[in-house]
Every structure is written in C-alpha cells, then in structure tokens.
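**Q** Listed below are the residues making up each chain.
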Amino acid sequence: MDMALKRNPSSASLVDPRLEAVLLRHEIETFNVRYANALDEQRLADWTEMFTDDATYVILSRENHDRNMPVGLIYCEGKGMIRDRAFALSETAMFAPRYLRHIIGNLDLLGDERDGTIKARANYVVLQVLFDRPDATLHQIGVYYDAFRRENGVLKLADRRCVYDNLLVPNALCLPV
Amino acid sequence: MAWTRAASLNEVPEGKALGIEVDGIHIALYNLDGKIYATHGICTHALALLAEGWIEDGKVECPLHQGQFDIRTGKALCAPVTEDLRTYAVRVEGDDILIDPEQPAAETVFGSRPAAAAPAKDASRVVIVGAGQAAAAAIRAMRTAGFNGSIDLVGTEPHLPYERPPLSKEFLLGTAEFSSSVRLSETDAVQLGVRLHLGVAATAIDAAQRQITLANSEVLAYDALLLATGGTPRRLGIPGADLPGVHYLRTIEDAAAIGATLDRAHHVAVIGGGFIGLELASTAISRGVAVTLLEREREIMARIMPAAVGRAFRIMAERHGVDIRRDARVIEITRRGARLGVVTGEDTIEVDAVLVGIGMQPTFDLALQAGCTTTPAGIEVDAQGRTSVPGIWAAGDCALYHEPVAGRRLSLQSWQNAEEQGAAAGRSIAGHNTAVAQKHPWFWTDQFGRNVQMLGIVSAEDHVALAAADEAGPGAIYRMFDKATGRLAGVVAFSNPQAIRAARAELDSATPFDPDIHGAIISSKGQDGADAMEASVMNANPGLSLTKRYIWPADGLTRIPDWVYTDQAIYEREVEKIFHGRTWNYVALEAEVPNSGDFIRSNVGPTPVVVSRAEDGSIHVFENRCAHRAAEFCRELSGNAKEFVCPYHQWSYDLKGNLAGVPFRRGVGGKGGMPADFRNADHGLRRLKVTTHRGVVFASYCDDMEPLADYFTPEIMREFEATFDGRKLKVLGYYRHSLPGNWKLYHENLKDPYHATLLHTFLVTFGLLVAGNKSLMLADPSGRHGVMASAKSDGKAVSSDAKKEMRAYKEGMTLAEPRFMDFVDEFDSPWSVTMATIWPNLIVQREMNTLGVRQIVPTGPHEFIMKWTMFGFEGDTEEMTRHRLRQGNLMGPAGFLGLEDNEAIKFVQDGMQRVPNGEHLVKLDPAVEAGTADNLISEAAIRAMYKHWRAEMGL
Ligand SMILES: Cc1cc2nc3c(=O)[nH]c(=O)nc-3n(C[C@H](O)[C@H](O)[C@H](O)COP(=O)(O)OP(=O)(O)OC[C@H]3O[C@@H](n4cnc5c(N)ncnc54)[C@H](O)[C@@H]3O)c2cc1C
Ligand code: FES
Ligand SMILES: [Fe+2]
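The listed protein sequences derive, respectively, from chains A and B. Just so you know, this note's numbering puts the end of the first sequence at 177, numbered straight through with nothing missing. Just so you know, this note's numbering puts the end of the second sequence at 1955, numbered straight through with nothing missing.
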C-alpha cells in the first residue's frame, strides 16, 4: 500500500518523471487525508507521529506571515514540543467538546530539494461544530506551506506552517490544524 | 501725590476707552456708567493696547488674546492673563480728568488703613472681640446711649467690619463692591473713638483679671467685654474636603476666590441645600455656570423649615436649571485632572469646583475659657446680651437667641440678629438695661431673581398653609403654624414684601388659623413620600431610562448582577463614561510607527482610530471617520502615508488629522461648493489627547486628562516600568481573536488569582503557579488597575496539603521539552510573572519571557475583540527571540492557558444568557473589602474594580 517503499530512488532513470509526479502527488494527498482524519478524530498521538524528529510546526496569521513576523498561535520547534502540545491538549486543557472537520485541497507541489525534501502547499479549511449550535462555523481557513521528508522511507512533515487568513480567531483554537 | 491732567471728559464717552501717555506711562481711561477709571494701558500678557480692547460689564478684553481685566480693580480675570493690571486714582474736576500715577484706584485696596486712636475720656474700658457686623452695631448703640469710655475693637480679619450677605449675591455678581459693604468706615471709627486692632486675633482671656491677650502679645484690660466672634463655615469631614477647588464661604477673600473660580468654571457642585448653597447656585447659574446641588436630606432646607417650603425653594432652583440631588451622600472628593470628582454613593460628578455651604460653626473658644455657659450652638445670653459671666456680653452668630424656641436654644445667624443683639449688648454695656421691644426675627435671601423674606421663627415640624397659585412663583405666601398651639409662628413670602409687612401684625395679634384667609394646610407628608420616591429613582440612575431599573444587589460588592455584563444600555453608557470618558486608552506601541508617515489602525473602546506619526515626529490619534460623511477612510492595518485621503469624495487630511483639502470647495464656474465661511480648520478629524510612556502610546477623549503617572499611581507604574524597562521594543507579531463574553470578564479573569490554581492544570502541573507560591494581587487605590504577580517555583515545592486543595495538580506529568518553561531573569522585579490590568483596555503580559500587550476592543455587551501585540527587545539574540516565541505557547488564543481563559469566559457569558435576573458571587477573602490581596484565594481586586466602575457609571 505504501508506494514509497516499492520505489527505488537509485533507479530513477527507469521511472517516467510524469508518473513519478502523479505518484508523489497521490502520496502527499493521501498523507494529508490521513492527517485530517487524525485531527478530526482527535487522535493527537497519531498526529504527532506524522512529523520528523526535528520538525517545526507553526500556525501563524497571514498578517504576521506577510510582515515576516514570527509569532505563532502554536509554535513548535522539534517533535518534543509537538508531543508536549498533543499531550497538554489531551491531558490538561479545558475546552468545550467539539467536532472538527479538516478539509485539505489545492495541493501544489513546489519541487524537491537536493536533500530529498519535498516542498508543497495546500489550502485548508477547518469547520467546527459546537454541540449547542446547529451550524458548523468556518473556524479557520488558510494555506499549509510544507516541507516533507522521508524517515525510514516513510513520508513525514519536516515543516508545516499553517498561515491562516481569518485574522480574528473565533474565541480559541483548541486543536491543531 | 502728583495729580496730572490726563484728558478731558468728553474724550472718554460712556462705555468707551481712551489710550494716553502720562509721564511716559501708557494709561487707559475708561468711562463706566459715567464714572472714569484708569489702568495701565498695556496688557500684562503681551504687548497690546487695552484702549483698543472690548469693554463690557466693567471688564476690558485685550484685543490680542482676549484676556480680561476688571477695570475697577485691575484684576486679571481669565486666561491667558494671570497678572493683575495696575490701576490709578482718578479725579474729575469740571471737564478735566486728573490721574495720579503714583496712587492706585480706591477699589484695589481692601485692607484697613492705620487707625486714628481716640483718647479715652472715661475710666470705663470696653473691648470688643470680633470686628464684624454685630460689633459695628454695638459700637453705634453704645455711643448713641452716651457711653464715652474707650472702645478697643479686635478683629482677626484685616478689614474694617463689613456685612456678609452681599458675599454670596451682589459681590459675586459684580453688582456691588466691597466698599459698599463696610459697616464701620475708617471715618466712623475716628468719629466714634474706636481703637482698631485689625488683622490680629484675641487669643486668651483672663476673666478674673479682666484682661484679653492678643496674638501680637498685646494685653488689653477691660471693664466690659463683648464677644462678637461670629463663626466659621462647617467643613466636610470626608477625604478630599480640603483639595484646591473646594471652597467655603465666609469672608471677602473666600468670595473673591469663588468669584475667580466662577469666571473659569463650566460646571460646579454645590454641597448643601441651605440659603448659602442656594444663593451660590443662583449666582453660578446667572453667570452661565451649570450647577449640581447635593443635599443630604430628603428635601432642601429640611432642617430649618417644613418640607413644603423647602420644596418651593427647590422648584424655584430647578426651574432655573439647577440639577438638585436629594438624599445624596457625598463620600469623597477626588482629583480628576484639572477638575474634581464628587463621589456620591451612586455617581461621580465631575466638576470644575465644589462650593460647600453646610452650615456655620459658632466661634466661642474665648467664652469657654472665660467660663460662660454655652451649648454646641453658641453662647447663652439674655435679652441684653449678657452671658453667665459678669462683665462679658456676646452677640451675633456666636450667641444663642435669648429665649428658647419650641423648647430649643438656637442661634439665628442672620443679619438682623447681628444688628439686634449687637445693639442690645451695646446699650446694656452703656448702662441701659431697660428692655426694648423685640422685633420679630427677620431674614431675607435673594436667589433666582426672587427676593424671599421670612418673618418669625419657624421649625421643620410646623404645619404649613399656602396661599398662592404657583407654589414657587412670585407672591406665594407660606404661613407656618406651631403644631402644638396652632398659633402662627412665621411667614415666608416669595417676592412679596407687603405680605411680610402684614405678617408683623399677624404675628403680633397671634391670628388663629383660618383656611379662607390662609389657604388650606398642605399636608407635607403625602407629597413628601411621593417626592422621596421620585428622588431616589432619579438619583439611582441619572440619565438612564426609568422603565428599566438597574438596582445593585443589597449585599453590595460581594454580588454582581448579570445586567452588568449583558445589557445594551449599560454597554453604551460604558462607552460614553469609560472608554470615551476620563481614561487613558492604550492604542499602539511606538515601535509600530517608528518613522514619520507611519500609521496603524487602532481603537479606543469600540471606536476606530488611526495612530500616526507626523513629519515632526509627534504621534497623533484621530478618529477613523471622515469629517464629511463618516466614511471609515483608513482601511489598511498599518502602513506609511503622506496624507490620508478619504476614498469617497477625496477629502484629504494631514498626518495630524487636520483637513487639508476639499475637492471643488469653491464649486465649478462659480456655482455650488461649500459656503463662503467654510473653514478647513473647523472640519478636521476628531482628535484625541495623546501621551506616551516607555514606547507605549495612550489616547484619551478627555481634554484635561491627568498625566499618565497620576492615572497609573506609583504602584502600577512600578510594575509597568519593570516590563517596559527602557529597552527598545521589537514587535514580534500579533494575535487577534473575538471573545463571546463581556469585556470586563477579561479584567476579572486577571484579577482572579483563585482560578489560576484551579483552571490551569498545565500551569500548576509544571510548577508555574501554585497556591503556596509567593504572589500578590495588587489593586491601585482607585480599584481600576491591578497587577497579578507571582514568583516561579519548581513543582517539587508543592506541599501535599496544597496539592490536595488543587484538583488541578497532576502527579508525574513531564514535558518532553521542559526548556520552553525556563525563566531567563531579565527584569528588575521580584516577580517572574506579572499580568497588569490597566483600565480600561490594556493588559500588559509578562509571562516569564513571553511579553505582550493585549488591547480590549469591546463590540457590544456580549462580545469583544482582543488584539495581542507580542514583543521582545532590540538586541535580543536569535536564541532569546526563539525562547520568547516558544514560551508564547502558553498564551494567546491557542495558548495552554490562553485558550482555557477564553473558554471559561465564554462559559460565563453563556451561563448568563439563559437565566434571567441572575447574580454572581464574589465573596472570597472577606478580610479585604476591596483592594489589594496578599493571597491567591481572593476576589478583593474584582470588588475593587466594581467599586470604581459603579462610581464611574453612577450605578
Ligand atoms: C455668604 C453669606 C451670606 C449671608 N446672607 C445673609 C442674608 O441674606 N440674610 C441674612 O439675614 N443673613 C445673611 N448672612 C448671615 C449674616 O451675615 C451673619 O449672621 C452676620 O454676619 C453675623 O455677624 P457677626 O458679627 O455675628 O459675625 P461676623 O460678621 O462673622 O463677625 C465676626 C468676626 O469676628 C472675628 N473673630 C472671630 N474670632 C476672633 C478672635 N478670637 N479675635 C478676633 N477676631 C475674631 C471673625 O474673623 C469675624 O471677622 C450671610 C452670611 C454669609 C457668610
Ligand atoms: S465621506 Fe469622506 S470625502 Fe466624502
Ligand atoms: Fe487564566
């Protein structure tokens, strides 16, 4: 099922680059779907495992991003901090129960780096439902600026910067995006 | 003396001025109602000729900057002039005006001139202590009765005896001068053989030796002593009673100070609804100054007259626009910038000055020393003014009326009483002890264009009959009948002197009550009750609709009603009274607008403003609302501009908010366009006052806002400066979020250290804050600002007791990356964490090394927006910046703590939506009623905030 394992990077010449691109796109889209599912089901430990050990994960506003200001709603340097975030949210944080839907689309592959890092971007939408309101609200809308890397052949996020357009966060952001 | 001819009379027509030069001195001559005055010709402020100024009401207005001087006295009356003008003596001889450049005009001098001593021809020596009205009356009576011994008159005031009634009336209205109030002129003193000791108090008495000692150590022996020491105004016994701007009235100097105050004031508070209070209110109103009068009782004058008559006085005052608050408790007077705040149980009334008229305290310490019988109301005397000590008489305000009235000894404290008692004592001292027919006590007052007179002695309990169509109109006659005997006790008549003349006979004949002549008895009770109801409702919520009641729970500060957080009218009043009121509102950091032309959008309360830096480096804050059609013209979050142009019709404004250009202002082809008198200067953007401190910019709608340091108080300033320690700020980014709760809940959250140990499991688990940590919940004296402070400890220090208390404490939890919780001790402060809540819209966050300011932007009772500006300092290393960013995970709308607070506040607002008429309970830490708490299990700072809030809101 994991196509990446069957690929032999050293025999690139055997592979049609167009097919390669389709496979990679498929692979990342599949990754993003799983990522969304993990968050929708609030399996934060699984979500943590989708990052490399040295990964950075930051959620920041479009306003900060455009002005080169680094402040993030969530700002994690390294998997340890990502794990702490997951741990704190599931074990210590108090917030109203809710359902979330992460929808990821418009994936755009921005090319490979020499070290095997794959740059990509994708749009995302997070819908939130609180139990006492009939409507799902558009909780966040933005762009992922990503860098993927393979660890033991498995695709992982080495960097995900979630840049959101709706500058005014509705109340609180209780779960990652 | 060098009288010099200055001009001829016809050169100075009535109401005009003439500039001349005498001995090289510029002099202005004026003709006021046919009388000539001379002052120095040049304004004391700048080089301008006063003869070219505007003359009105005895004042000359400088043509250059519109400063004003009193022509008669030279007194500087208003800004920008502060220095009085020199005046010169004037004499008119035939058609010639003569002036003496070495001698000031008579009116400038109030003081006494050296007295000519009269030789004593008689062995008998009289000393009078107190050179007031009663003394003057006594002296005249003594001499008329043939007394030819010596008279020594001792007076603390430096003036010749003068009468006081004009002080609250004509003198303040400028229709009378001091000289016309003098009761014993210098010439009189010489003629009557009175030795004057003015400006010196009598300090001691030796009744056995019959000696008086003066403050200058002089000793005067007497055969007869008259105490005519009057009294002093009763003072308010509340904090702030002696602040500058709080005036009492007894002397000419007091009156001059009040007069000067009324020149500048727009709104004054009068405390006390007695005669003096009402006369002051009347004077102020007729001088165009708004008046709020505060009366402690149910009705004004209630202690001296029946409520029905007090009511008539009140209606008269109210018809003239005096805002009268009855049942009003004045708790404190506070400084509010250049103004004063009168804090009542319900409201804070902001005024330019406070005029106090709450009664008089008789002065009788010498009588006590001499052993005279006294009551707290004064010295006991008989009809001849004799006290209980032989050789000592007393008269006037310091003495009681000679007989009890309705069983009580009282002092009449009136002009007539001073005359009558003074004269009686004088005659008695001269040896005439035969009783003279007593006159009925009489009193008058002039207010609101009416002359009200009172004859007889009335008391609050009397029955009242009213003969009038209009209860407070001219002609109205009130007759008071003693409750027990049914006899006529007194008459009060509004602008009806004939009625008073007639009343003499009525009182003499003890006319029985006849409803046909006197009108029906108006039962004061029923009316009184209805009035009181009306009064308490009006006082409870001035300005708020009566159909909706906002009644604070009887428990006081330990309960907060839900309407505080949910009501639209309350919210609108908060915008007016708080955000647009006397507050400094955070708007930006200077680092956000470092260069000229830089601007950033911000808010003051809900109101959008622009913060801009002008070419000269100054920072300006103005409304983001076009002066033309209200368009919110600036749409970028921040940027750099040369000017602001409204996109709708291209009106342009400079960086200070002044209107620079209006397209087609003159129309096209001579048609259309703005009116000819349109001036750009009148149509700029609404500009706010601005102040900055340590790189933080504040704005205020209040024009005379006090300096920031005063607004903060030293405690809050210390914490503010611990965070803004002088290093240059570097903005690291923003968070913005909406919050579905009332804006005050955010302040409360940060004045509620109790929740920190219970809600924030994360904080407690990792030892950032535990119930036993060193901590402080500071509130400033006003209660509006606060600082929640704590010092970090490691989790190990938590005692097992404390752990049990805190459900939040979770054993054995560890972080994979604990370093983000490290505290780099970079501040000069014992605290590792401080959260300063600075009223009304700023929170300064120093959560170890993650720093930020949070700005509250309310949008309605149920929601506000929070803008966080996170910063570090210039010179931070890359690693330090990253440390601040990592630690930032604690705060903000996704912060480990931040998200929990936001959720909790939302829960509170949700909880109020569905339960009508609810209340909150804030009872923790009863040892502190409201204010600073030294422990975390306290809500005292929340109570302090509401104490302030209620005073500001008048609720
Ligand atoms: C503003 C104002 C308005 C008034 N309006 C009216 C009105 O409209 N109608 C009305 O009937 N009455 C009015 N009165 C009341 C009236 O003026 C007084 O009742 C009257 O002045 C009392 O005269 P007196 O001589 O007893 O006291 P005062 O005139 O007060 O004279 C007492 C003098 O004694 C001096 N003194 C005190 N102790 C010593 C000492 N130890 N040694 C030396 N000197 C001392 C004081 O400095 C003072 O100058 C008014 C009073 C005031 C203040
Ligand atoms: S509304 Fe601004 S120019 Fe007309
Ligand atoms: Fe909190």
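No lab work stands behind these hints, which were simulated from the structure alone. One or more of the hints may lead you astray.
Which residues of chain A face chain B? A few of them, derived with a C-beta cut under 7 Å, are [unchecked claim]: (1) Val71; (2) Ser90; (3) Met94; (4) Pro97; (5) Val163; (6) Pro170; (7) Asn171.
Here are some, though not all, of the chain B residues that point toward chain A, as calculated from beta-carbon distances under 10 Å [claimed, not checked]: (8) Thr1877; (9) Met1880; (10) Arg1884.
Here the structure is a predicted model, which means the values were calculated and not measured. Even for Gly, the Cβ is constructed at its ideal location relative to N, Cα and C.
**Q** Each hint should be assessed against the structure and marked as holding or not.
**A** Going down the list of hints, with the structure as the test:
{"no.": "1", "hint": "Val71", "verdict": "3 Å, holds"}
{"no.": "2", "hint": "Ser90", "verdict": "12 Å, violated"}
{"no.": "3", "hint": "Met94", "verdict": "5 Å, holds"}
{"no.": "4", "hint": "Pro97", "verdict": "11 Å, violated"}
{"no.": "5", "hint": "Val163", "verdict": "12 Å, violated"}
{"no.": "6", "hint": "Pro170", "verdict": "6 Å, holds"}
{"no.": "7", "hint": "Asn171", "verdict": "5 Å, holds"}
{"no.": "8", "hint": "Thr1877", "verdict": "14 Å, violated"}
{"no.": "9", "hint": "Met1880", "verdict": "13 Å, violated"}
{"no.": "10", "hint": "Arg1884", "verdict": "9 Å, holds"}
Consistency with the previously given hints fails for numbers 2, 4, 5, 8 and 9, ordered from lowest to highest.
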